[in-house]
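Heads up: the sequence lines are chains E and W, in that order.
Heads up: the first sequence at position 175 corresponds to 977 in the numbering used here, and the numbers run straight through without jumps.
Heads up: the second sequence at position 190 corresponds to 194 in the numbering used here, and the numbers run straight through without jumps.
Among the hints, erroneous ones may be present.
To be verified - Computed footprint of chain E on chain W, listed as stretches where at least three residues anywhere in the stretch have a Cβ under 8 angstroms from a Cβ of chain E:
#1 123–136
#2 148–155
#3 351–358
It should be emphasised that the hints constitute simulated quantities derived from the structure, not laboratory data.
Keep in mind that this is a model prediction, so the values were computed, not measured.
A virtual CB, placed ideally from N, CA and C, is assigned to each residue, including glycine.
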Amino acid sequence: MKRTLNFLSVLFISIIISTTLFAQNKKLTGMEVMQKVYNRPTGKDMVSNLTMVLINSSGNERVREIKQYYKDFGKVEKKIMFFIKPADVRNTSFMNWSYDEPNKDDDQWIYLPALKKVKRISSDSKGDYFMGSDFTYDDLGDRKPEEDTHKILREEKFNGEDCYVIESIPKEEDYMYSKTITWVIKDKWIGLKKEFYDEDGELLKILNIKKYDKISGYWIILETQMHNVQTDHTTKMIMSNVVIDKGVKNNMFTERMMRRGIK
Amino acid sequence: MKRLIFLSGILIILLSLIKADNISTTGYVRSYMGLLLNDNNDYSIIQNTLNLNFEQIKDKVALKANPYIYQYPHNNLKLRLRELYMDLYFNSIDLRIGKQQIIWGKADGVFITDIVSPKDLTEFLLPDFEEIRMGITSVKADYYIGNNTLELVWIPAFQGTVMPDSNSIWFPKMDLAGNIIYDFSDMKVNESFKNSEFFTKFSALTSAIDFELMFAYAYDDDPTIHIHPILNSQTHKLSGVLLKPKYNRLHVYGGSFSTTLGPMVLRGEGALYTGKYFNLSELSPSTDNIIKKDYLHYLLGIDYTTFYNIKLSAQFIQQYILDYEDIIKNDEFENMGTFLATKDFLNETLFTELFIYYGFNNNDALIRPKVTYDFADGFEILIGANIFTGTKGRFGQFNNNDMVYSKIKYSF
Chain E
803 MKRTLNFLSV
813 LFISIIISTT
823 LFAQNKKLTG
833 MEVMQKVYNR
843 PTGKDMVSNL
853 TMVLINSSGN
863 ERVREIKQYY
873 KDFGKVEKKI
883 MFFIKPADVR
893 NTSFMNWSYD
903 EPNKDDDQWI
913 YLPALKKVKR
923 ISSDSKGDYF
933 MGSDFTYDDL
943 GDRKPEEDTH
953 KILREEKFNG
963 EDCYVIESIP
973 KEEDYMYSKT
983 ITWVIKDKWI
993 GLKKEFYDED
1003 GELLKILNIK
1013 KYDKISGYWI
1023 ILETQMHNVQ
1033 TDHTTKMIMS
1043 NVVIDKGVKN
1053 NMFTERMMRR
1063 GIK
Chain W
5 MKRLIFLSGI
15 LIILLSLIKA
25 DNISTTGYVR
35 SYMGLLLNDN
45 NDYSIIQNTL
55 NLNFEQIKDK
65 VALKANPYIY
75 QYPHNNLKLR
85 LRELYMDLYF
95 NSIDLRIGKQ
105 QIIWGKADGV
115 FITDIVSPKD
125 LTEFLLPDFE
135 EIRMGITSVK
145 ADYYIGNNTL
155 ELVWIPAFQG
165 TVMPDSNSIW
175 FPKMDLAGNI
185 IYDFSDMKVN
195 ESFKNSEFFT
205 KFSALTSAID
215 FELMFAYAYD
225 DDPTIHIHPI
235 LNSQTHKLSG
245 VLLKPKYNRL
255 HVYGGSFSTT
265 LGPMVLRGEG
275 ALYTGKYFNL
285 SELSPSTDNI
295 IKKDYLHYLL
305 GIDYTTFYNI
315 KLSAQFIQQY
325 ILDYEDIIKN
335 DEFENMGTFL
345 ATKDFLNETL
355 FTELFIYYGF
365 NNNDALIRPK
375 VTYDFADGFE
385 ILIGANIFTG
395 TKGRFGQFNN
405 NDMVYSKIKY
415 SF
């Protein structure tokens, strides 16, 4: 009996080692790379401050500040944002429930303090720009890898990091981008740079990651910059006071909290 | 002099609140000017506003005070409190006590189940809805079960709709012949527990649908006008009318919902009002010329974002008097529609909007185009127009009040 167990143990270990070696040698596809980027773990829950600086072609700046909470409930990820600045949107809140279930649209609500109403809104327009910035909702991570076909163009060093260069072409016709090209850091699965091409194939925007760090064991992007080369408008997005896996309460993602807000 | 001392005292209190620890102070200053498009180009309004919000929120308690001052030409000042309340937070229950705005329903720009906070219609439906809905002294309890909420509201002292003065351009046109005399002696509702109002609502927010169910034991915010014809003692013909407004009780059973259908949001709201009094079309000298009937008021609306990111919203609203009789002045069915189109430009610094109310029964409308430009963070410049079409009905009665207006607002 003991010999049988020893044999099975050796067999099991051999299978693990050979599988691992096979996996290391196997060349990843573009889809697999982008799935690793999409699924890069960022913790079960997160609290952070988000500052957006919008800079127009004349150099004039506008600043938006948000406090955001996120929690992964397994089959659904919930996010709630409280707008702090500018003063005229203060106390506005936005809640998003995103589902693992394929083809199930996100549920979204917005609370407008002047109307004192929580309004359900359609999440269909993911090409909408977020708060006047150069980021669409899709750019902010809502776009699933399955919505595009991905191809590894090459592997190269960028900003001192070994990167895959991935071309992604939307499956949907008439999408706002004809393609994107992403530089993905090989061992961290962070998209370090991304170029967005418009429907005519012209370069539209360039996203650069300015700062990322390991927080509570997770690679977290802390500062990005999106530059629209056609309008010369730029958005800086800075995340601060990031707290991960400290146990955000489930009832944070409710109508009650949208109305109550944070001070 | 007394008024000056009073206002100085209020100012000192406000300034001390600003200095108090951990109390956030926000608000806005606004300059609002309206110009009528009549031959004289009269101003419909020249108003400066200081609106302040003092808020403090702690783990278990919170407070809010929202005083505001309207200043009109010749230093005419109006100081009011829109809200002044305290919150108490328990595990599953929130209590809010004090003067507060309470907004229900899913409709935009229409009041169906949204009948808790009384309305200020001194400038018709033109101000922002934040200013139309007044705060009301009440006790509100919210009991939470997940994303479901049971809400109970007790209003100890009734307050009705604030109507414009009889010399205002927004005073409703009375379709009555002869001399009109008002008698407000029956209008006051005594402040007693017996005369208080009760509202309850169950609401749910789910992935598939959001809905609300409500019941109200309330007063009709709009008084019933008891009409007493005055006959000429010699000719025995109608020489005028005596109008006696009086508030009456209503029971309201209603609900609302909103859900997404692909790219669209579908909204609905409806209520059955029992105990409403309607005026009669033919005046009789021996009665008050009113009749009690139940009526339904409901709405269906769609929100949709179309090409070039233009956001559209349309609502159809119907009011239906049950067990209708031909002697009633109102139509059996009153149909109304609203239409809204918005589009922003220049990274959400320039906003354009067109909002239309349309009354099908009288073929009248209120058309409200406006353009808002965010000059800097928190500083906006708004130019708009209010155009009334038709000759009678809710909007047509104001067809001499077409206007252009500007609002310059600095939020802090």
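Results of checking the hints against the structure:
1. 123–136: holds (count 3)
2. 148–155: Our answer is that it holds, as 4 residues pass the Cβ test (under 8 angstroms) against chain E, meeting three.
3. 351–358: holds (count 3)
Hint compliance for this structure: no hint is broken.
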